[in-house]
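*Asks:* Sequence:
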Amino acid sequence: MKCPNCGKETDENMPYCRFCGAKQAKGEKPRPHERSWGEHSLKWVLPVLLVVLVAVFCGVYVWLNWTIQQSMYDQKAGINWFETVFYHNYTFIIAAVFALFTLNPLPGQSDIYGIYESFRWMRRVTWGASEGPSPAFSRRNRRIVWGLWQVLKWGAAFLVIVSLNGIPFIGRVTPIFYMAAVGVGSWNLVPRILVLPAEPASASELISLMPTMEVQYRLVYLVSSAILAVIVVRLAAKMVKHFVKQDTNVWARDLFVILTCVVAAVVLGAPYWTMDVTTLFDYVICLVLLVAFSVMSLFFQFVGVDKNFSFAERRRTILMAITIAIIGVLIVNVGIIAGFRLNWDNNWVQYEWTPLTQKQIDVTRWSAGIEDIQRHSLSDIPTGNATKILSLVR
Numbered sequence: 001m002k003c004p005n006c007g008k009e010t011d012e013n014m015p016y017c018r019f020c021g022a023k024q025a026k027g028e029k030p031r032p033h034e035r036s037w038g039e040h041s042l043k044w045v046l047p048v049l050l051v052v053l054v055a056v057f058c059g060v061y062v063w064l065n066w067t068i069q070q071s072m073y074d075q076k077a078g079i080n081w082f083e084t085v086f087y088h089n090y091t092f093i094i095a096a097v098f099a100l101f102t103l104n105p106l107p108g109q110s111d112i113y114g115i116y117e118s119f120r121w122m123r124r125v126t127w128g129a130s131e132g133p134s135p136a137f138s139r140r141n142r143r144i145v146w147g148l149w150q151v152l153k154w155g156a157a158f159l160v161i162v163s164l165n166g167i168p169f170i171g172r173v174t175p176i177f178y179m180a181a182v183g184v185g186s187w188n189l190v191p192r193i194l195v196l197p198a199e200p201a202s203a204s205e206l207i208s209l210m211p212t213m214e215v216q217y218r219l220v221y222l223v224s225s226a227i228l229a230v231i232v233v234r235l236a237a238k239m240v241k242h243f244v245k246q247d248t249n250v251w252a253r254d255l256f257v258i259l260t261c262v263v264a265a266v267v268l269g270a271p272y273w274t275m276d277v278t279t280l281f282d283y284v285i286c287l288v289l290l291v292a293f294s295v296m297s298l299f300f301q302f303v304g305v306d307k308n309f310s311f312a313e314r315r316r317t318i319l320m321a322i323t324i325a326i327i328g329v330l331i332v333n334v335g336i337i338a339g340f341r342l343n344w345d346n347n348w349v350q351y352e353w354t355p356l357t358q359k360q361i362d363v364t365r366w367s368a369g370i371e372d373i374q375r376h377s378l379s380d381i382p383t384g385n386a387t388k389i390l391s392l393v394r
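1 is the number of the first residue of the sequence shown in my numbering; add one for each residue after it.
There may be inaccurate statements among the hints.
Derived Cβ-Cβ restraints for the label pairs, each shown as a range [claimed, not checked]: (1) Asp-74 / Arg-375: 45 to 51 angstroms; (2) Gly-59 / Ile-144: 33 to 39 angstroms; (3) Gly-78 / Ser-377: 37 to 43 angstroms; (4) Ala-203 / Ile-331: 32 to 38 angstroms.
Worth flagging that the hints you see were computed from the coordinates, not collected in a lab.
The C-beta atom is built at its ideal place from N, Cα and C for all residues, glycine as well.
Full structure from sequences and hints, please.
*Replies:* Structure representation (C-alpha cells):
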C-alpha cells in the first residue's frame, strides 16, 4: 500500500511508514500531532516575531555604529573607514560567495534531517519503539521550508564570515584576496610552490617565493580547504545515513572519500611544513595514502558496493599486489625516517641546520629588513679619537 504522507510503497502490516514514519491507521480522526502544517503554524508566530525584532534591533545598532565611525574618521583624518575596514567591499563579496557552500545542492534534501530520520528508523526497527509521526507536509510546503532553511543557513554563514573576514577554523581570506587583487605575488609561481616538499628551494629562491606563498598559494590553500571541509561534513552526514539504512557498502565509499579529502588538504599544506631532511619522505607517505584512499573510493563506488560481491582470481591477485606494493612503500619510507631520527644528533648540521635553520635565519633577516646591514670585524675600526670610534660602533 502507499503511504498517505509520502506516497511511497510500504508494508501494510506495519503501523508506521518505514520511510517517513507516518501512521497508517485508517478510519481514525487525525490526532493533534497528525494535523496539517497550517494548523501548527500559529505556535511559531511568536518566536518568529521575536527573532525579527531582535534582527531589526541589531541592524539599527550596527548601522548607527558604522555611521559614527565613518563620520569620525572622515572628518579627523580624511579616511574612508568603511572602505578601509571592509577592504573596498571585498569582505561582503567574499562572504556572500563562501556562504553558498552551506547550501544543499539537491533541492528538497537535508543531510541533517536525513540523520534524524535514520536514527528514528533504527529506533523503531531495532527496539520496536513507538512514536508519533511528524506533521504532514505537502510537496509545496516542503519546498518552502527547505528554501527558508537554505536562506537561514546562508545568512548565518554570511554574518560569521563577515565578522571574521575569513572562514571559521581555516583562516582569514579577505586580506589575502585583496592583496592578490592589487598585484602582490605572482600566479605563475604557484606550481613551483606546490612541489617545494619534493624539490626544496634555496634561501634566495625561498625569499623570492615568499610573497606568492603568502598570497596566491595561501588563497588556493584556503579555498581548497574550505571546499574539502564542506565535502567531508556532507559525506559524514550521508555516511551515518547509509550505515544505518543501506544494505550495501556505500558507507565504506563515503569513508574513503572523507579520508581522501583529509589527506588532500594535508598535501596542499605541505609547502608550509618545516623542511628538514625527512620532509621528502613524509611527503611521499602522504601522496601514497592519497592514491590509496582514492583507489579504494573508486573501488567501492564501481565494484564493491554490494556486500555479496566476489572477485575473480585475476582481480584478486591484482588487488593483492597493489595493496602489498602500497604497504611496502609506506614501510620503506617510515624506516628511512626512523633511520634519520636515530642518527639525528650526530648529523644535525646536514639533517637540520643546512636544509632548515640556515634558511630560517635568512628569511627572518629579509622579513626584518636587516639583510643589507654591513658587518665588519673589530680590526676594521680605526684607532685614535675615542668619540669617533664610539660613533662608528653605533
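*Asks:* Are there hints from earlier that the structure breaks, and if so, what are their numbers?
*Replies:* 2, 3
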